[in-house]
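Protein chains in written order, with this note's numbering: chain A, 1 to 483; chain B, 1001 to 1626; chain C, 2001 to 2109.
In case anyone wonders, no lab produced these hints; they're calculated from the structure.
All values reported here derive from a predicted model rather than from experimental measurement.
A portion of the hints provided could be inaccurate.
Here are the computed lysine to aspartate or glutamate pairs in the EDC-like style, where the Cα-Cα straight-line distance is at most 16 Å [unchecked claim]:
(1) A:480 x A:190
(2) B:1540 x B:1550
(3) B:1157 x B:1107
(4) A:293 x A:230
(5) A:293 x A:347
(6) A:480 x B:1069
(7) B:1024 x A:441
(8) A:157 x B:1353
(9) A:157 x B:1577
(10) A:483 x A:347
(11) A:426 x B:1162
(12) B:1365 x B:1477
(13) A:24 x A:102
(14) B:1363 x B:1445
(15) B:1300 x B:1353
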Amino acid sequence: MYLLFVLLFPLLLGSFLLIAKPAKAFSLALGGSIVELIVAVLLLCQAKEATGVTEFIQPWIPEAGLKFALFIDGINGVLILLSTLLVPFIIGTTSNSEKSADARYLGLILTMQAAMLGAFMAKDAFLFYFFFEASLLPIYFIINLYGGENRNPISFKFFVYTLFGSLFLLIGLIYVYLRTPGEIPSADFETLYQTASILSIKEQSLLFLAFFVAFAIKMPMFPFHTWQPDTYTVAPAQGTMMLSGIMLKMGTYGVIRMIVPMFPVGIANWGGIVIILSVVGVLYGSIIAIQQKDMKRLLAYSSFAHVGLMSAGMLTLSPEGIQGALYQMLSHGINIVGLFFIVEVIERRTKTRELAQLGGITQSSYFLTVGLIVLSLGSVALPLTNGFVGEFLLLKSVFDYDITIGIIAGITIILGAVYTLRMIQKSIFGNASKVTSNFEDLTICEKLVIIPLSILVIVGGIVPSVILNYSQPAVDLLSKWIK
Amino acid sequence: MSSALLIPLLPFIGFLINGLAFPKLPKQIAGVIGSIPPLAAFALSLQLFFNFDGNAQLIPIADWIQVGELSIPLALQIDQLSIMMLLIITGVGTLIHLYSSAYMSHDAGFGKFFAFLNLFVFFMLILVMGSGFVTLFIGWEGVGLCSYLLIGFWNQKNSYGDAARKAFIMNRIGDLGFLIGIFLIFQEFGTASYQEVFEAIKAGSGTNVGLIAFCLFIGAMGKSAQIPLFTWLPDAMAGPTPVSALIHAATMVTAGIYMVIRANTLFELSPEVLHFIGWIGLATAILGAAIGLFQNDIKKVLAYSTVSQLGYMFMGLGASAYTASFFHVMTHAFFKALLFLGAGSVIHAMSDEQDIRKMGGLKSKLPITYITFLLGTIAIAGIPPFAGFFSKDEILAHLYHHDMIMWSLAIVGSALTSFYMFRVFLVTFHGDFRGTEHQADHLHESPIAMTLPLIILAVLSVIGGFINLPAFVGGNEFLAHWLSPILPEGSAEALEVHVASLEFLAPLAAAFIPAIIAIQIYGSKKSVPVADAEISGVQKIIYDKFYIDEAYNFLFVKPVNFLSSFFYQFVDFLVIDLLVETVGKIVKSSSNEIRKIQAGTIGFYVFMMVVSIAIILAWTLKSWMF
Amino acid sequence: MQSIPDIIRTIPLTHYVLLSSALFCIGVLGVLTRRNAIIVFMAIELMLNAVNLLLAAFSSYFSDPAGQIFVFFIMAVAAAEVAVGLAIIVMIYRNIQTIDIGLLNKLKN
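Input sequences plus hints: build the corresponding full structure.
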């Protein structure tokens, strides 16, 4: 029942905010998201200790064998933690801005959280698909109503592009679903795994491509990424955080949950090419990030590069790759949300994100400097930060898959340092510019976001075993299907 | 808790306190909090040293990463090598902390500086105490980070920031090699712990050892500034001088040598790689010394000298002279830290002037600095019985038996070293004062907190050589015996050197003759290096560092920047996005076209209806008929 | 005595089919080409009657009354249609002073 609570609570609270538009929307949303986090953590601990699977199953469309089934295992546990952990911070980042009083905006964030949680918790593939698509609605409105310049065409492109990809997923899903045994077909993941394992090689390969296109667009992966930089740049700060921090993980999660156990044969056929494409994306994104002038766009490309490595690691099908990707999802979410928030803080004060106009902020704000450096170090995967654990495992898995590809993928640690350090230097080091000379120090609310996130970066690098051990049994189970 | 665990922990605590309380903590307290941890760590290291029973000791901390069959524990390993490194790091580190408390006392970022120094000590200790390659890598990247933070300490100046970035990125290039080496080790042995890997190698497993050794050495190239990844080290002099002394002379840059010595079992099995290391070391030694000949920035000279000395250490490793190389690491830590701190004292006195052409005649104003700098110069030049003589001579002796060509080239490098060091010493301290009057008024000997470390290091530079005095001059070769358990068998055996041989006399000549020439030119004749504009010919090429930076810029930086713009403006917008947009546009324009049919003309609708019915009819008839 | 179907059968079936096809095509052409609503209406009637003729002919040939019953149905419906249709046309005429169907494009846009 807790499962249902975790799913419905943000949905109800969000809908309440959307409809009633209460005056104290900010406190309500923040308090609610914290309650949600606490309940989710309790639930995760409970699920870890429980002997059986923690699940909640009700018939949904019994005639078609579809169930409203939610469950928790080690894999989606990490993502539930990610989405419930980040949302309080994301809501916290609206403090000191006019958005904190905007019930509609906060309501949209919460409903989006609910949709994504639904996708992560779903045990039924069509339920997953339902939530996967449902999460598009709130984010579309967030961008379309609150975005910057050109928001209409860009949000439209984003919406249609991702929707277009999902259709392939739907077709593939229906195909496998219709092949399931029994009077009434079923879309339970376990059943789908079993069904997919007896499909012919040709079917597996085609289905792999159909599924992968959907997730590749969502992640996004080279060359399906062109919606991303524009969308990240135009979306309001919190929208960007939701997108990059949580939403793109639906794509990577989908790969782990569906593609990896269902189509190992398909991956064996196509995986090499897809891994190469991912690695190309890693380098391509990193190289482009080097010359970016807009901080948000730079981070968008860096995020794109990170995701490419995750996808490459997962598709090697090794436990290291899958675990690394899971861990990297968590770390990347924390780091990128923190970094986008710092950009937002800078933009609020200086009205610009152009690196050329910034500089010298470190003289006026010590905590912002520390925060930016720590989060960036996480992003360049320095040992003892959370980014290293994931990147180490991912690179190792790719390296074990193929030495050459591994070495090429490894160049990302050099390029990552190049663009990240450039961003640090141009934005906060050097002499204060016209717009940064009167830079105000962080307010308490802002510190309350940046400091915990920075601490999480370090903690995640020192004790990764907490998360890795949590997901290990589920990954082992997954490996069973791969064989 | 084992006291060994406290050794890295203390600096980390110091870092936390100073880092978190930085803007508010008064400077005196920050200085004390920053300096106590390395001192305490030094005391603990001494205790370890004296209580050491000869057996390597493993101190597990935690299971760090455990995924599938991969298991990476965090653990510390206390053995002969790490204890020696501990003593150097904490010993020299303590002195430099003390020195910094005076040198940086006017700086607004005083607390931050100590926080970074402590963090550096922490990572350096992790580096040398780690029990496996991954732990080594943690320290390895960590010291790189601190190096970055400290080079760019005065971050308002963009050129300093550029130098810091260059250091970090060049190190990262090496780190990639190192990381690949680690992956290969995992593939080959399934573990990265030293003991297990080396046991497996000794048991005869491992086919890819040469490749592993080569990849690890790439890491060492980056960290220890060897060709082709050396250009960051001279630029790193942008950092405060104590940083140059601690990080870029005494400790961090020797991490590469530490690593090779640590993994000697591995390197011994790949003679080609050792050979390669030797030649890279030789080339770096000569190149560094050559560029150092005509530099006029006192810190730049020392930086190139460091590059060159590191080259010597690698040369020694190439000849499997691990003890000799380590010996040189140690003495180099003493005299190079001394020289840097002396240079710092000069710069401090000269109100931040670094150009030796604007100094001169400082010996009467800065007596302690003068004497200690002289002792350091003699030590590095290799004049007996100072520390540098013994360690360098030991490397040379091994080279003599290893490869005559390398040996003779190394002698040339040694001669260059002696020349440029005496040159910089004489131009700085002798002759007439060439600074401004303002500087002359401010000339003063540094406070005791700065001179005391100088004196201690000077004493060490003089007597440091006796720790491994060869048997034929009556020493007991302490270091060689101490390190012998972790080195390949037989490598600790003493070399027989005849006092009257070429082998013994050539290095002496290489030390003395250039020194005398330098004294002739810069001492007696009081000549001063010419201004930048007047430098010409070969000297100009050397002065401009053989245009290596420019070449790298042209070969790597520019193409990457070009690619970046190309990918962004052309591939992303004009190829990929255009394709996507085109699909959208096709849909849009075709919908526009089709929309026109729905024009509301009933006649047309009816016509289409009739035509459609006719088609359907024809279709049906066709299937009837055939 | 010769029954009516026999008389009808003296003309071959093909002729009926051809005649009604011709009538139908004339009707179609009328609908397609004329713009006057009333003439279009008449053309539609022509098409209906072409079908009626065909139904009656087949009904007689195969002695199956169902066809003729359909004819009655069609005639009844056609009558109703004419009543409603003419009323609509009158209304249209009152509104736009014309019964040219080319001008009936208010639904456009």
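Item to complete: Compare the structure with the hints numbered earlier in the document and write down the numbers of the violated ones, lowest to highest.
Response: Result: hints 8, 10 and 12 break, sorted rising.
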